[in-house]
Structure formats: structure tokens, C-alpha cells
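Novice: On the provided structure of chain A, position chain B as indicated by the hints.
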Amino acid sequence: MPRLKGERAHSHQWGLRVGTEIVASTMLGLGAGFVLDRWLDTRPLFLLLFFAFGVAAGFINLYYVMGLDHRPENKDD
Amino acid sequence: MEGMQPLHPFTVHTQLPIELFGVDISLTNTAIALLLASVCSTAILMLLLQRQSILPGRWQLLGELYYDFVRNMTVKNIHEHGERYVPVMFTLFTLIAGSNMIGLMPGSFAPTTQIVVTGTLAIAVFLYTIYLRIRLHGWGFFHAFAPPGIPALLLPLMVPVEILSFLARPVSLAVRLFANMTAGHTVLGVIAFFGLLAPWYIQWVPLSLSVALLGVEIFIAAIQAYIFCVLSCVYIDDAIHPHS
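So the sequences go chain by chain: A and B.
For the first sequence, this note's numbering assigns the number 1 to the initial residue and increments by one for each residue that follows.
For the second sequence, this note's numbering assigns the number 78 to the initial residue and increments by one for each residue that follows.
Simulated from the structure, these hints should not be mistaken for lab results.
Built from N, CA and C at the ideal position, the CB exists for glycine as well.
Hints may be right or wrong, so weigh each one.
Claimed, not checked - Some residues of chain B that are not near chain A, with every Cβ distance over 10 Å (derived): (1) Leu132; (2) Tyr144; (3) Leu204; (4) Tyr208; (5) Ile295.
Unchecked claim - Partner residues are not named here, just some residues of chain B that face chain A (Cβ under 8 Å, in silico): (6) Pro228; (7) Val238; (8) Arg253.
As the list claims (entries may be wrong) - The following label-pair restraints were derived from C-beta to C-beta distances: (9) A:Thr42 - B:Pro319: 33 to 39 Å; (10) B:Met182 - A:Phe59: 37 to 43 Å; (11) A:Thr42 - B:Leu97: 28 to 34 Å; (12) B:Leu284 - A:Thr42: 29 to 35 Å; (13) B:Gly226 - A:Arg43: 34 to 40 Å; (14) A:Arg43 - B:Arg161: 46 to 52 Å; (15) A:Arg43 - B:Gln92: 53 to 59 Å; (16) A:Arg43 - B:Lys153: 44 to 50 Å; (17) A:Leu48 - B:Leu112: 41 to 47 Å; (18) B:Gly99 - A:Phe59: 24 to 30 Å.
In isolation and in its complexed conformation, chain A is listed as follows (with noise of 0.2 Å):
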């Protein structure tokens, strides 16, 4: 997952990248959620699961980048 080296010298670009990972998850989520919608004609059901989704997603992202963060560099999971 991704993780920038030397990221923390720069914390108005961490911060960004922090916003943006959860921004896009869950415009993301919001998107899918509403076209399955659309073509299943469920309205609001997929829209209120995949927005859960999405925001998950954007905090495992979030989880990623922040864990191996702090674990030295290309240990092993």
C-alpha cells in the first residue's frame, strides 16, 4: 500500500493526502452505491451500503499508509 518516504518533512502534503485518500473512497462508495441503484432500482439500499463501504475503505486506506508509516522500511507484514 502506499507510503511516502520522507512524507512527514512535508506535513501540509501528509494532511492532503490523508484528506484525499477519504475523500475519494467515499465519493467512490457514493458513486457505486448509486449507479447499482439506478440499474436495480433499490434505491436507497446500495447507496447507504456502499457510502459505508467507501468510508471503510478510505480508513483502511487511511490505516495502511499510517501503520507502515512507522514500521521500518521493507520489513515484512
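Specialist: Just chain B, lined up with the frame of chain A:
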């Protein structure tokens, strides 16, 4: 005041209408700025390396330092096979940095303020990483969506979340570059308008601020190109050496 719309500079206009076999391939201001950015950056690099010698002169040194910077970034982030991806990263970095910089010239247009441009670049990188995964690891890369050690009961929850977090990569790449460039240019425009609107005795505050902001924008233009390329490298590295 007329024309005081901060988002007005980002409107796409058709400059040269062209239609080929019923398909609209008109040249817009985005396409022209993108072409201009690539032509200018190629011309500058060619000028820098015009007179090549073993003992590099000032301009050759500048070109070599620039190449070395992109090369180091690529090799550091793509372990083992980094050298192979230096040309593509160099092209990507030069194109994005050129597109970001060209928008800072008065009267010009930054192609990276259009999400269609950043999205195309991000999707191209994303599809390339998928191609690399399939070529190197076969269809086995789909196992990455089911993290090891997860109870079977949780799989229906974890697999969609993992797939979404994977698909969010190009979205976050595209949105980050687009949002940073658009926000920067909007702030520059707003501060410049403040300068025009302010009474004469206070005009120097927003005008000097816009000069300082232009400096920050040049820095952000380079940093954003760097981040886009580093993340592309990280994704390529992830495709070559899947961690799970």
C-alpha cells in the same frame, strides 16, 4: 465588478472547431495549453542539453540534475526494477510540472485544473499497474482483495471494502492534483482582484501578497508533480511486489 468570477479562468472554450468522421475533436484551450506545455518542456530540455560534453557546463548540469532528481525518485520508490521505469516517470513528471507551471503565466491556462486531464493521467497509471500485476502474477492478484487471516464470515464485508480502497487510488490521484491546482489558481485570482478593488493606499498589501503567492504556487506546482509521480511509483512497486 465585471469579470469578477474566481472560477471563470477554468472554463473550457473551443478554439479551433475540427470534426473528423462525425467525431468532435476540436482544439480547446485545455488541449492547446497541454500541447504548449509539452512543446515548451521538450524545447527547454533540448536547449539545456544542446552542447553535451564530459565536463558539463552550467545548462547541461541543470538538465542532468533534473534528470537525476527524477531518476533517484523512481529508483528509491520502485525497488529492484526502478531503472526500467525512469523514462515513463520522467515523461510524466515533465508533463505534469510543465502543465502546472504554464498556468502561472498571465493569460495562460493550466490544463491540470481540469479533472478530465488529471483523471486521464491517473487512470492511465492505474490501468498500467493492473496490466503489470496480471503480466507478472497472473490472475492471482485477485487474492490481494481477501487479506490473509480474515475469518470467512467477514469476507463479504472485507472484499468490497478492499476493492473500493483499491479503486480509490486513481480517484485520489486525480482529485489531489486537480484540487490543489484549482485551489491555488483561484486564490491567486481572488487576491489579484482584491488588489484591483482596494483603495490606492492599501493596494500594495494584496498585490505584494499575490507576488508571494505566485512563489508558493511555483513550489506547489513542482511538489504536486512530484507527489503524483511518487505515488505512481509506489503503485507500480506495489504491482511488482504485492505485500499481501
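Novice: If a hint holds in the structure, say so; if it does not, say that too.
Specialist: Here is what the structure says about each hint:
No beta-carbon of chain A is positioned within 10 Å of the beta-carbon of Leu132 of chain B; the least distance is around 32 Å. With a least CB separation of 20 Å from chain A, Tyr144 of chain B remains clear of the 10 Å interface cut-off, as annotated. The beta carbon of Leu204 of chain B is kept farther than 10 Å from every beta carbon of chain A, the shortest such distance being approximately 16 Å. Listed as a non-interface residue, Tyr208 of chain B keeps its Cβ farther than 10 Å from every Cβ of chain A; the least gap is roughly 19 Å.
Once the 10 Å rule is applied to beta carbons, Ile295 of chain B is consistent with being away from chain A; the minimum gap is 16 Å. Look at Pro228 of chain B: its Cβ only gets to about 16 Å from chain A, farther than 8 Å, so that hint breaks. Nearest Cβ of chain A to the Cβ of Val238 of chain B: about 5 Å, under the 8 Å cut. The hint holds. With 8 Å as the threshold, the beta carbon of Arg253 of chain B comes within range of chain A, its nearest partner Cβ sitting at about 5 Å, so the hint holds.
Checked against the given bound of 33 to 39 Å, the beta carbons of Thr42 of chain A and Pro319 of chain B, roughly 34 Å apart, stay inside it. Range check, Met182 of chain B to Phe59 of chain A: about 41 Å between beta-carbon atoms, so the 37 to 43 Å window is met. Judged by the Cβ atoms, the range 28 to 34 Å given for Thr42 of chain A and Leu97 of chain B is violated: they are separated by roughly 42 Å. Between Leu284 of chain B and Thr42 of chain A the Cβ separation comes to about 56 Å, which falls outside the hinted range of 29 to 35 Å.
Distance hint check for Gly226 of chain B and Arg43 of chain A: the Cβ-Cβ separation is about 36 Å, which falls inside the suggested range of 34 to 40 Å. Our hint of 46 to 52 Å for Arg43 of chain A and Arg161 of chain B holds, since their Cβ atoms are close to 48 Å apart. The given range of 53 to 59 Å is broken by Arg43 of chain A and Gln92 of chain B, whose C-beta atoms sit roughly 42 Å from each other. Between Arg43 of chain A and Lys153 of chain B the C-beta distance comes to about 47 Å, which sits within the given range of 44 to 50 Å.
Taking 41 to 47 Å as the suggested C-beta distance range, the pair Leu48 of chain A and Leu112 of chain B conforms, at roughly 45 Å. For the pair Gly99 of chain B and Phe59 of chain A, the supplied restraint of 24 to 30 Å is violated, since their beta-carbon distance comes to about 47 Å.
Going down the numbered hints, you'll see the structure goes against 6, 11, 12, 15 and 18, while the others check out.
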